[in-house]
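Visitor: Sequence:
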Amino acid sequence: MPGRRRCRRVGCQPSFTSFGPVTAGNTEPEEAILSVDEFEAVRLKDLEGLDQNECAAMMEISQPTFHRLVVSARRKIADALTHGKTIKIEGGNYRI
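Residues 1 to 96 in the working numbering are what the sequence shown spells out, letter by letter.
Just so you know, the hints here were simulated from the structure itself, not pulled from any lab data.
There's no promise every hint is true.
Keeping only pairs whose Cα atoms sit at most 20 Å apart, straight-line, the calculated EDC-like set for lysine to aspartate or glutamate is [said to hold, decoys possible]: (1) K76 / E30; (2) K76 / E90; (3) K85 / E31; (4) K88 / D46; (5) K76 / D46; (6) K88 / E30; (7) K88 / E31; (8) K88 / E54; (9) K88 / E28; (10) K85 / E28; (11) K85 / E48; (12) K85 / E30.
Make a model of the complete structure from these sequences and hints.
Guide: Shown next, in the form of structure tokens:
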């Protein structure tokens, strides 16, 4: 049985919440939904260059949980880039 889900601490709300391909015509691309806590995990690890233990401590979660967040976020981003999907950042279990 899984334990209780802890709120993840994020530094701030993302300034932009939607990224996607420029489309021609009436077709709307599919969406890949990235949660705010997944966004924060990628920001800390890939943009800020912190190690996973530092990132986990900043988000007040365990290192294995942080690793799962980063893997999930990277998979969604790769899928969106490969298949021309719009990335939307919304939702998740977090606090600022």
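Visitor: Now tell me if each hint is right for this structure.
Guide: Hints, one by one, checked against the model:
no.: 1; hint: K76 / E30; verdict: 12 Å, holds
no.: 2; hint: K76 / E90; verdict: 13 Å, holds
no.: 3; hint: K85 / E31; verdict: 5 Å, holds
no.: 4; hint: K88 / D46; verdict: 19 Å, holds
no.: 5; hint: K76 / D46; verdict: 15 Å, holds
no.: 6; hint: K88 / E30; verdict: 10 Å, holds
no.: 7; hint: K88 / E31; verdict: 7 Å, holds
no.: 8; hint: K88 / E54; verdict: 26 Å, violated
no.: 9; hint: K88 / E28; verdict: 13 Å, holds
no.: 10; hint: K85 / E28; verdict: 9 Å, holds
no.: 11; hint: K85 / E48; verdict: 25 Å, violated
no.: 12; hint: K85 / E30; verdict: 5 Å, holds
Hints 8 and 11 from the list above are not met by this structure, while the remaining hints are.
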